[in-house]
Amino acid sequence: MSSTKIFLKSSDDKTFEIDETAARASETLKNIIDGGCLDGVIPLPNVSSNILPKVIEYCKKHGGDNGSSKKIANGGVDKDKEILPDYDEEEDKREKVRVDELKKWEEEYMDFDQQVLYDLMLAANYLHIKGLLDLTVEKAASMIRGRTPDQIRENFNINSDFTPEEEEEMILIEDEWDDEWAFD
Amino acid sequence: MKRGRIRKVDRISDLPLNIMEHILTRLPIRDAVRTSVLSKKWKYKWVSLPELVFDYSLQDALQNVHDKIVKFVDRVLLLHRGPICKFELSDLSSPSLSDIHQWISFLSRNGIKELILSMPCSWYEIPSCLFSCDRLNLLELSHCLFRCPPKFEFKHLKSLSLCQVEFAGFTFEDLVSSCPLLETLTLMWVRGFTNLTIEAPKLKYLNLRGHFKDVHFKNTPLLARVEIDLDWFDSNVDALHSGHGETSNLIKILGGLVGVEDLYMASVGILKFLAVGIVPKILPNAFHHLKFYHLKKLRLTSVAFHDSAVVSVALYLIRSAPYLQKLEISGSTRVDAGVEPVKELLELQECLGCSFNQLQIVTMKCSFGLRPELEFIKFLLSVTPALEKMSIHADSKDDTQCRSKLESTILEEVMRFPRVSSKAEIECFEHLQIVEYRPSSWM
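Protein chains in written order, with full-length UniProt numbering: chain X, 1 to 184; chain B, 1 to 443.
Honestly, the hints are just simulated from the structure, not real lab data.
It is possible that part of the hints are untrue.
[Said to hold, decoys possible] The calculated lysine-lysine pairs, modelled on DSS-like cross-linking and capped at a C-alpha distance of 25 Å, are:
#, chain 1, residue 1, chain 2, residue 2
1, X, Lys96, B, Lys296
2, B, Lys389, X, Lys96
3, X, Lys30, X, Lys96
4, X, Lys93, B, Lys423
5, X, Lys139, B, Lys8
6, B, Lys297, B, Lys252
7, B, Lys155, B, Lys297
8, X, Lys139, B, Lys45
9, X, Lys93, B, Lys40
10, B, Lys365, X, Lys93
11, B, Lys297, B, Lys405
12, X, Lys139, B, Lys155
13, B, Lys297, B, Lys326
14, X, Lys139, B, Lys41
15, B, Lys297, X, Lys96
16, B, Lys204, B, Lys155
17, B, Lys291, X, Lys139
18, X, Lys139, B, Lys297
19, B, Lys68, B, Lys8
20, X, Lys30, X, Lys60
21, X, Lys93, X, Lys5
22, X, Lys93, X, Lys9
23, X, Lys96, B, Lys45
24, B, Lys218, X, Lys130
25, X, Lys14, X, Lys103
26, X, Lys54, B, Lys8
27, X, Lys96, B, Lys8
28, B, Lys297, X, Lys93
29, B, Lys343, B, Lys204
30, X, Lys93, B, Lys45
31, B, Lys343, B, Lys326
32, X, Lys93, B, Lys343
33, B, Lys252, X, Lys130
34, X, Lys54, X, Lys93
35, X, Lys14, X, Lys61
36, B, Lys213, B, Lys326
37, B, Lys343, B, Lys378
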């Protein structure tokens with residue numbers, strides 16, 4: 001595989017360099033490269049220079065595999081269902097080492113504030129980087145899972161715009177499902 | 001300053017639909033549904049979720065109370081809009097037949113593609129509306145009864161898993177013949193028949209467990225991975241002798257598996273079953289025409305090393321797979337029966353110039369350090385020029401005191417065996433803990 005350099009231009013006109021192999025982690029970039037319309041710089045009007053280096057960092061790590069490796073180390077559900085389960089012990093061991101290492105890397109990589117999370121999510125979505133989208137989406141999901149509505153609202157700055165009457169109605173409905181849960 | 005201001009912005013509520021769907025899909029169903037109370041924007045976000053999974057996550061939330069769960073599922077289905085691609089009910093207290101009937105009926109009109117009903121505590125009859133879910137791609141059922149359905153076809157079904165399912169009035173073969181694209185099949189303890197014929201031209205993966213008297217592969221050219229764990233005949237091998245006339249079991253079963261790449265035979269009796277009616281010594285040449293050119297990985301469990309008929313079937317399998325790379329074998333007995341017949345058999349193989357040229361990795365599990373086992377290891381080391389690693393897992397069962405002694409005994413002995421591969425490493429484990437590594441000459 002060649003290590004041709006690709007140039008990406010952010011929405012605020014800054015240019016970044018990335019290896020072609022790394023760029024292929026993005027389905028969108030891969031299609032542009034394979035489509036042969038590679039004359040100079042690829043403009044990315046939806047990705048700012050704040051977030052693009054972070055995206056490139058991810059692509060470098062996952063160069064080419066497009067995040068579709070068998071086991072995604074983000075604790076979430078791997079959507080790529082393997083039709084044939086693998087039970088090779090040797091390979092499993094190697095895979096485990098690889099996954100552990102990746103998990104550690106992801107932990108460090110994902111240490112940022114919420115605004116970056118949204119930008120990264122949107123960039124991953126736009127560039128079709130499945131692994132990165134899974135990772136960011138899982139982080140958001142983990143902030144909802146098992147939380148009360150008030151906790152969730154606080155986590156994401158969501159304003160409840162229901163009238164008191166509407167809230168009361170919802171409490172009634174929810175109570176039927178489960179006694180333990182209610183609005184505070 | 002700027003940071004503080006930005007932090008108060010609610011950006012999650014305005015994320016694109018597909019991202020929101022990703023997030024909600026990752027939540028337990030009850031958490032996803034509960035987001036409807038967050039704000040007006042969230043009220044209907046979950047209702048178009050394409051995957052509805054009702055599983056153990058509800059056990060705590062709804063205390064696994066039957067009525068609550070039924071009510072919850074009902075309400076989710078009532079409020080849901082759009083296609084439901086996946087519906088799963090598992091590990092929950094069993095709903096009534098009428099509930100299941102109603103849900104499947106609803107799903108069949110909503111383009112259901114993946115249906116998983118796995119309720120180990122229940123026993124119900126599959127409602128006939130299941131057969132009108134004609135877009136099904138994946139179907140997993142357990143603890144239920146299939147009764148003669150109306151005419152149907154699962155045109156898109158690729159994966160089928162049946163566990164503790166009983167057939168009445170129609171056969172498993174009828175079912176499979178209605179699934180022309182079937183690629184993955186798992187059968188666990190199905191009831192109602194003991195002779196199994198598998199005719200599935202697209203089948204790639206098969207996992208078979210249960211009681212069968214006979215298994216016949218017919219038209220399965222793509223079958224690449226096969227896992228068989230059947231407790232056919234542990235106790236009454238004699239009955240088998242009489243039951244299987246002239247065709248050898250070996251040809252009958254394995255004849256349909258010539259395309260297999262990864263074969264796992266996990267049951268105690270299967271090699272014995274395959275050995276029925278064959279004369280050990282002649283075997284390897286007698287079935288010359290049956291070759292497994294695609295077999296790369298072979299796993300055999302519970303091999304009785306002192307039984308020369310069983311060993312000859314194992315040898316036969318290995319010999320018939322010229323491209324075999326990995327072999328995993330585990331012993332079955334601590335009975336130290338006579339080693340002579342096996343030794344004789346193995347020596348004969350060597351005389352015949354037998355060589356497993358591609359075999360790279362051998363794992364001997366549950367090794368008890370018995371003579372016949374060691375003879376087998378000795379033989380393997382002498383016919384595997386490409387061997388890279390031989391791992392031996394010592395197992396002295398309950399006798400913990402003997403264990404560490406056992407490994408060193410095995411290792412010491414094995415190290416003395418001549419090896420035709422110059423790069424072969426030998427390791428001996430006590431269960432999973434490594435004891436000694438590589439011959440010293442190699443360091």
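These are the hints, each one checked on the structure:
1. X:Lys96 - B:Lys296: Roughly 22 Å between the alpha carbons, so the hint for X:Lys96 and B:Lys296 holds.
2. B:Lys389 - X:Lys96: 20 Å, holds
3. X:Lys30 - X:Lys96: 28 Å, violated
4. X:Lys93 - B:Lys423: At roughly 22 Å apart (the allowed maximum being 25 Å), B:Lys423 and X:Lys93 satisfy the hint.
5. X:Lys139 - B:Lys8: Distance ~19 Å between X:Lys139 and B:Lys8 Cα, so the pair holds.
6. B:Lys297 - B:Lys252: Between B:Lys297 and B:Lys252 the Cα gap is close to 21 Å, so the pair holds against 25 Å.
7. B:Lys155 - B:Lys297: With Cα atoms ~32 Å apart, B:Lys155 and B:Lys297 exceed 25 Å; violated.
8. X:Lys139 - B:Lys45: Holds - the C-alpha atoms of B:Lys45 and X:Lys139 are around 18 Å apart, at most 25 Å.
9. X:Lys93 - B:Lys40: 48 Å, violated
10. B:Lys365 - X:Lys93: 17 Å, holds
11. B:Lys297 - B:Lys405: Distance of about 31 Å is beyond 25 Å: violated.
12. X:Lys139 - B:Lys155: 38 Å, violated
13. B:Lys297 - B:Lys326: 5 Å, holds
14. X:Lys139 - B:Lys41: 21 Å, holds
15. B:Lys297 - X:Lys96: 21 Å, holds
16. B:Lys204 - B:Lys155: 17 Å, holds
17. B:Lys291 - X:Lys139: Violated: B:Lys291 and X:Lys139 sit about 51 Å apart, past 25 Å.
18. X:Lys139 - B:Lys297: 39 Å, violated
19. B:Lys68 - B:Lys8: Given that 25 Å is the threshold and the Cα spacing comes to 38 Å, the pair is violated.
20. X:Lys30 - X:Lys60: Since the Cα atoms of X:Lys30 and X:Lys60 sit roughly 14 Å apart, the hinted pair holds (cutoff 25 Å).
21. X:Lys93 - X:Lys5: 34 Å, violated
22. X:Lys93 - X:Lys9: Not satisfied, since the Cα-Cα distance of roughly 41 Å exceeds 25 Å.
23. X:Lys96 - B:Lys45: It is violated: about 36 Å lies between the C-alpha atoms, which goes past 25 Å.
24. B:Lys218 - X:Lys130: Answer violated: B:Lys218 to X:Lys130 is near 40 Å, above 25 Å.
25. X:Lys14 - X:Lys103: Violated, because 31 Å separates the two Cα atoms, which is more than 25 Å.
26. X:Lys54 - B:Lys8: 23 Å, holds
27. X:Lys96 - B:Lys8: 40 Å, violated
28. B:Lys297 - X:Lys93: With Cα atoms ~17 Å apart, B:Lys297 and X:Lys93 stay inside 25 Å; holds.
29. B:Lys343 - B:Lys204: Outside the cut-off at roughly 38 Å; violated.
30. X:Lys93 - B:Lys45: 41 Å, violated
31. B:Lys343 - B:Lys326: Cα-Cα ~23 Å, so holds.
32. X:Lys93 - B:Lys343: With Cα atoms ~35 Å apart, X:Lys93 and B:Lys343 exceed 25 Å; violated.
33. B:Lys252 - X:Lys130: Distance of about 46 Å is beyond 25 Å: violated.
34. X:Lys54 - X:Lys93: 30 Å, violated
35. X:Lys14 - X:Lys61: 22 Å, holds
36. B:Lys213 - B:Lys326: 29 Å, violated
37. B:Lys343 - B:Lys378: 10 Å, holds
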